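In order, the protein sequences belong to chains Z and A. Going by our numbering, the letters in the first sequence line up with residues 1 to 597, in that order. Going by our numbering, the letters in the second sequence line up with residues 1 to 148, in that order.
In short, the hints are calculated from the structure, not lab data. Because the structure is a prediction, the values reported are computed rather than measured. Each hint should be verified, as a subset may be incorrect.
Unchecked claim - Listed next, with one range per pair, are the computed distances between beta-carbon atoms: (1) Asp-16(A) - Asn-595(Z): 51 to 61 Å; (2) Glu-126(A) - Glu-535(Z): 26 to 36 Å; (3) Phe-144(A) - Asp-464(Z): 51 to 61 Å; (4) Asp-84(A) - His-445(Z): 23 to 33 Å; (5) Asp-84(A) - Met-414(Z): 33 to 43 Å; (6) Ser-281(Z) - Tyr-46(A): 55 to 65 Å; (7) Val-301(Z) - Phe-144(A): 51 to 61 Å; (8) Ser-125(A) - Lys-552(Z): 27 to 37 Å; (9) Leu-404(Z) - Asp-16(A): 16 to 26 Å.
As the list claims (entries may be wrong) - Mimicking EDC-like on lysine to aspartate or glutamate, the simulated pairs with C-alpha atoms at most 20 Å apart in a straight line are: (10) Lys-380(Z) - Glu-26(A); (11) Lys-380(Z) - Glu-23(A); (12) Lys-584(Z) - Glu-460(Z); (13) Lys-433(Z) - Glu-26(A); (14) Lys-67(A) - Asp-373(Z); (15) Lys-27(A) - Glu-392(Z).
Where a beta carbon is used, it is the ideal one built from N, C-alpha and C, also for glycine.
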Amino acid sequence: MKIPATQLRVILVTIVAVISLIFLILLYGITYEHISSTLSTSNKLMHANNVEIELEKLISQLKYAETAQRGFIMTHDSTFLRPFMKSRAEIESCFAHLHSLLAKDVVQLKHLKLLEQTVNSRYDLLVHNLEGAGQKVVVPHDLKAKLEKGNKKLESSIQIMNDMITYQDESLRTLEKKHIESIINTPIIYFTIVVITLIIFTFLIYKLDKERKKLIRMNDELIITNQSFVHAEELAGLGNWRHNFQDNKFTFSDNFYALLGLTPGEKELNLHTFLQMVHPSDRLDVINVFRNAYRNYQPFVLSYRIHSKENRLKYIKSIGRIINDNNNQRYLIGINMDITELVTSNKQLEMKNRKLELFNADLASFNYVASHDLQAPLRKIQMFISRLNEVELPNVSSLGKDYLKRIHASAAHMQILINDLLMFSRTNAGNKKFELTNINKILHHAKEELTLQIEEKEAEIISDDLPVINAIPYQLQQLFINLISNSIKFTSEGTKPVITINCELVGKEFIAPEEEFPSESFYKITFTDNGIGFETLYSEKIFNLLFRLHDKMSYPGSGIGLAICKKIVENHNGIIEAWSEPNKGSKFFIYLPANLS
Amino acid sequence: MANKPLDIILAEDDEDDRFFFKEAIEKVKIKTDLTMVNDGVELMEYLKNPENGKPHVVFLDLNMPRKGGIECLEEIRANKEYNDVTIVIYSTSASDNDIEETFVKGANIYIRKPNDFKILQKVISEVLSINWQYHTSGLNKEHFVLSI
Numbered sequence: 001m002k003i004p005a006t007q008l009r010v011i012l013v014t015i016v017a018v019i020s021l022i023f024l025i026l027l028y029g030i031t032y033e034h035i036s037s038t039l040s041t042s043n044k045l046m047h048a049n050n051v052e053i054e055l056e057k058l059i060s061q062l063k064y065a066e067t068a069q070r071g072f073i074m075t076h077d078s079t080f081l082r083p084f085m086k087s088r089a090e091i092e093s094c095f096a097h098l099h100s101l102l103a104k105d106v107v108q109l110k111h112l113k114l115l116e117q118t119v120n121s122r123y124d125l126l127v128h129n130l131e132g133a134g135q136k137v138v139v140p141h142d143l144k145a146k147l148e149k150g151n152k153k154l155e156s157s158i159q160i161m162n163d164m165i166t167y168q169d170e171s172l173r174t175l176e177k178k179h180i181e182s183i184i185n186t187p188i189i190y191f192t193i194v195v196i197t198l199i200i201f202t203f204l205i206y207k208l209d210k211e212r213k214k215l216i217r218m219n220d221e222l223i224i225t226n227q228s229f230v231h232a233e234e235l236a237g238l239g240n241w242r243h244n245f246q247d248n249k250f251t252f253s254d255n256f257y258a259l260l261g262l263t264p265g266e267k268e269l270n271l272h273t274f275l276q277m278v279h280p281s282d283r284l285d286v287i288n289v290f291r292n293a294y295r296n297y298q299p300f301v302l303s304y305r306i307h308s309k310e311n312r313l314k315y316i317k318s319i320g321r322i323i324n325d326n327n328n329q330r331y332l333i334g335i336n337m338d339i340t341e342l343v344t345s346n347k348q349l350e351m352k353n354r355k356l357e358l359f360n361a362d363l364a365s366f367n368y369v370a371s372h373d374l375q376a377p378l379r380k381i382q383m384f385i386s387r388l389n390e391v392e393l394p395n396v397s398s399l400g401k402d403y404l405k406r407i408h409a410s411a412a413h414m415q416i417l418i419n420d421l422l423m424f425s426r427t428n429a430g431n432k433k434f435e436l437t438n439i440n441k442i443l444h445h446a447k448e449e450l451t452l453q454i455e456e457k458e459a460e461i462i463s464d465d466l467p468v469i470n471a472i473p474y475q476l477q478q479l480f481i482n483l484i485s486n487s488i489k490f491t492s493e494g495t496k497p498v499i500t501i502n503c504e505l506v507g508k509e510f511i512a513p514e515e516e517f518p519s520e521s522f523y524k525i526t527f528t529d530n531g532i533g534f535e536t537l538y539s540e541k542i543f544n545l546l547f548r549l550h551d552k553m554s555y556p557g558s559g560i561g562l563a564i565c566k567k568i569v570e571n572h573n574g575i576i577e578a579w580s581e582p583n584k585g586s587k588f589f590i591y592l593p594a595n596l597s
Numbered sequence: 001m002a003n004k005p006l007d008i009i010l011a012e013d014d015e016d017d018r019f020f021f022k023e024a025i026e027k028v029k030i031k032t033d034l035t036m037v038n039d040g041v042e043l044m045e046y047l048k049n050p051e052n053g054k055p056h057v058v059f060l061d062l063n064m065p066r067k068g069g070i071e072c073l074e075e076i077r078a079n080k081e082y083n084d085v086t087i088v089i090y091s092t093s094a095s096d097n098d099i100e101e102t103f104v105k106g107a108n109i110y111i112r113k114p115n116d117f118k119i120l121q122k123v124i125s126e127v128l129s130i131n132w133q134y135h136t137s138g139l140n141k142e143h144f145v146l147s148i
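With these hints in hand, go ahead and build the complete structure from the sequences.
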């Protein structure tokens with residue numbers, strides 16, 4: 001599993017998410033800042049408007065008072081006095097209002113004080129004029145001067161108010177300018193942030209989607225793997241289980257149930273119920289192993305028997321060990337294997353082996369019987385014949401002599417048969433101990449064994465220098481004896497046998513490329529003689545047991561010699577072949593593995 | 001001293017074989033004094049009897065009732081007194097196991113019972129003419145089985 005790569009991706013996604021979150025907070029901050037600045041600008045605008053309205057009101061009240069004063073002076077009608085008095089109250093409230101509006105503006109407050117003074121003195125003047133007008137006859141000249149003075153006061157009040165309005169306007173304009181500037185930048189900033197956030201989010205979504213797809217793919221693969229695993233378990237006769245130490249929960253695979261002859265979930269399984277299915281004599285072993293696993297965290301391998309639900313005896317092999325997962329949860333995990341077939345086939349094999357051993361022992365005792373008990377009477381028959389021939393021959397008729405001769409020949413043949421059969425069975429079983437063998441020595445010993453025959457027929461044996469091979473010495477010697485004695489035997493009368501032994505190294509493709517041989521190269525040893533030969537069509541049959549080409553009188557033999565040769569060569573993982581034509585001599589080819597191990 | 005006959009014991013259960021052996025050894029030019037016993041038990045009793053002198057050569061058949069040749073060979077070789085007795089295995093069997101075992105257990109030579117009377121004569125004469133006192137030191141397995 002690529003856990004590090006997965007973790008890396010998770011970290012990346014988290015970083016991207018955090019970055020986009022920061023951007024969002026930034027966006028919110030900027031937006032908030034802008035909204036609040038817009039709000040304060042509009043507040044200030046409203047404030048300025050209010051100030052202007054109050055000032056306008058003030059002017060109109062002053063003018064109203066002026067008009068009322070003039071009306072009174074001209075008419076002396078006291079009804080004009082009432083609006084005048086009312087205007088006075090309005091002006092007071094105007095000032096109060098303005099005071100509260102401009103409480104924070106130092107410059108405007110100065111202006112306001114000056115205005116208040118001017119307006120007050122104007123009012124004093126108006127009141128004075130009105131008093132004068134009420135008590136005595138108005139002197140036109142005096143009145144004119146007073147009115148002019150009042151006018152001037154009014155004008156200067158208006159002047160102050162205009163100043164105030166101008167000032168207010170100016171500060172408003174700078175405010176507006178600033179506001180507009182910031183408002184112009186706002187969309188660009190918004191747009192940039194939104195675009196960046198969108199990009200990051202797109203990236204995030206893309207990444208998440210990729211992860212999701214990967215997860216889906218992994219999940220699919222896991223499902224398939226799981227399925228394969230289930231099949232594998234079925235096929236292999238395996239069942240797995242685990243025990244979580246923290247929540248004391250057991251989990252068993254479907255095939256685990258199947259091994260016990262249960263359908264999945266059929267029965268509440270735990271250590272206790274499982275142990276009940278274990279064969280009583282094996283139960284203690286199982287308990288001990290589990291105890292050791294739980295207490296000392298020892299892994300285990302154990303074989304035992306169980307009785308499945310259908311009461312079949314099954315042999316189970318269990319392995320188990322303690323593991324910790326990534327979340328630091330501790331489990332005891334185990335695999336059970338049904339080894340019933342293995343055990344039963346092993347038992348069968350053991351039984352067959354025992355039978356084979358018995359059979360082999362029988363064969364060995366047969367060998368002994370053949371070699372000893374069967375030969376002893378035969379040998380005695382031969383002995384008596386030899387005694388008869390020696391001592392009693394003058395007393396025997398010619399017919400009796402002929403009978404004696406035939407008995408002797410038959411006994412000799414039986415002796416050969418017994419010996420050869422014994423030899424053949426020995427090459428079958430026998431001890432097959434391979435050792436490094438010098439074939440030159442083997443040939444030397446073979447010649448020694450055959451001294452009598454060689455001398456009798458004046459045979460000549462010419463041989464190459466022969467190699468050292470890995471072989472069973474006494475068998476190889478037998479092979480050489482059989483082949484050489486055959487060559488000497490099957491020579492026409494009056495011909496001195498000449499046997500040539502050649503040796504060369506050949507590759508395995510030279511003999512049987514399609515077959516499996518344990519060696520890459522072989523020694524090809526060729527025995528060539530000048531004997532009577534045989535029909536080519538017999539070149540394979542001559543190796544068959546008890547196969548003979550000649551009658552016993554002309555060429556006595558058992559028909560076993562070449563069969564022994566074949567057996568010996570096969571014991572050495574080699575091949576033996578023959579080639580011949582009548583009266584052209586024979587060739588025997590032996591291929592023996594050249595490897596020394 | 002030179003004319004003193006060789007003391008020879010043949011342990012052989014087969015009557016015919018005893019007969020052949022007796023006939024053959026009589027024809028051998030060497031002077032011999034032959035004692036024949038029917039099995040291993042008789043052989044060991046004979047050897048243990050102080051009245052009987054120590055034999056020069058023991059011919060030992062392997063396959064005998066009651067006590068076989070191998071057992072006798074072991075018992076004789078276990079007794080230091082009989083160290084210099086020549087033991088000739090005289091058997092029908094020519095199995096490698098028997099040859100190996102008797103050689104290891106200290107027999108001096110191994111003869112396979114021949115199927116011709118003349119050869120039997122030759123074999124016995126050969127064995128008896130070996131001067132065993134000098135021969136024992138040069139014992140080796142190659143010459144253990146006597147081939148005629």
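Checked hints:
1. For the pair Asp-16(A) and Asn-595(Z), the beta carbons lie near 52 Å from each other, so the given range of 51 to 61 Å is met.
2. Checking the proposed 26 to 36 Å range against Glu-126(A) and Glu-535(Z) shows it is violated: the Cβ atoms sit about 46 Å from each other.
3. For Phe-144(A) and Asp-464(Z), the Cβ-Cβ distance of about 32 Å falls outside the hinted range of 51 to 61 Å, so the restraint is violated.
4. The supplied range of 23 to 33 Å is met by Asp-84(A) and His-445(Z), whose beta-carbon atoms lie about 32 Å from each other.
5. One distance hint, 33 to 43 Å for the beta-carbon pair Asp-84(A) and Met-414(Z), holds here, with the actual separation near 41 Å.
6. In this structure, Ser-281(Z) and Tyr-46(A) meet the distance hint of 55 to 65 Å, their C-beta atoms being roughly 60 Å apart.
7. Against the hinted window of 51 to 61 Å, the Cβ-Cβ separation of Val-301(Z) and Phe-144(A) comes to about 53 Å, which satisfies the hint.
8. In this structure, Ser-125(A) and Lys-552(Z) meet the distance hint of 27 to 37 Å, their C-beta atoms being roughly 33 Å apart.
9. Evaluation of the 16 to 26 Å hint for Leu-404(Z) and Asp-16(A) yields a pass: the beta carbon distance comes to about 18 Å.
10. Only pairs whose Cα atoms come within 20 Å are accepted, and Lys-380(Z) paired with Glu-26(A) is accepted, the gap being roughly 19 Å.
11. With a C-alpha separation of about 14 Å, the suggested pair Lys-380(Z) and Glu-23(A) falls inside the 20 Å cut-off, and the hint holds.
12. At roughly 17 Å between alpha-carbon atoms, Lys-584(Z) and Glu-460(Z) fall within 20 Å of each other, so this suggested pair holds.
13. Distance check on the hinted pair: Lys-433(Z) and Glu-26(A) sit about 45 Å apart at the alpha-carbon level, beyond 20 Å; violated.
14. Our distance criterion of 20 Å between C-alpha atoms is met by Lys-67(A) and Asp-373(Z), whose separation comes to about 17 Å.
15. Taken as a hint, the Lys-27(A) and Glu-392(Z) pair is honoured in the structure, with Cα atoms around 17 Å apart against an allowance of 20 Å.
Consistency with the previously given hints fails for numbers 2, 3 and 13, ordered from lowest to highest.
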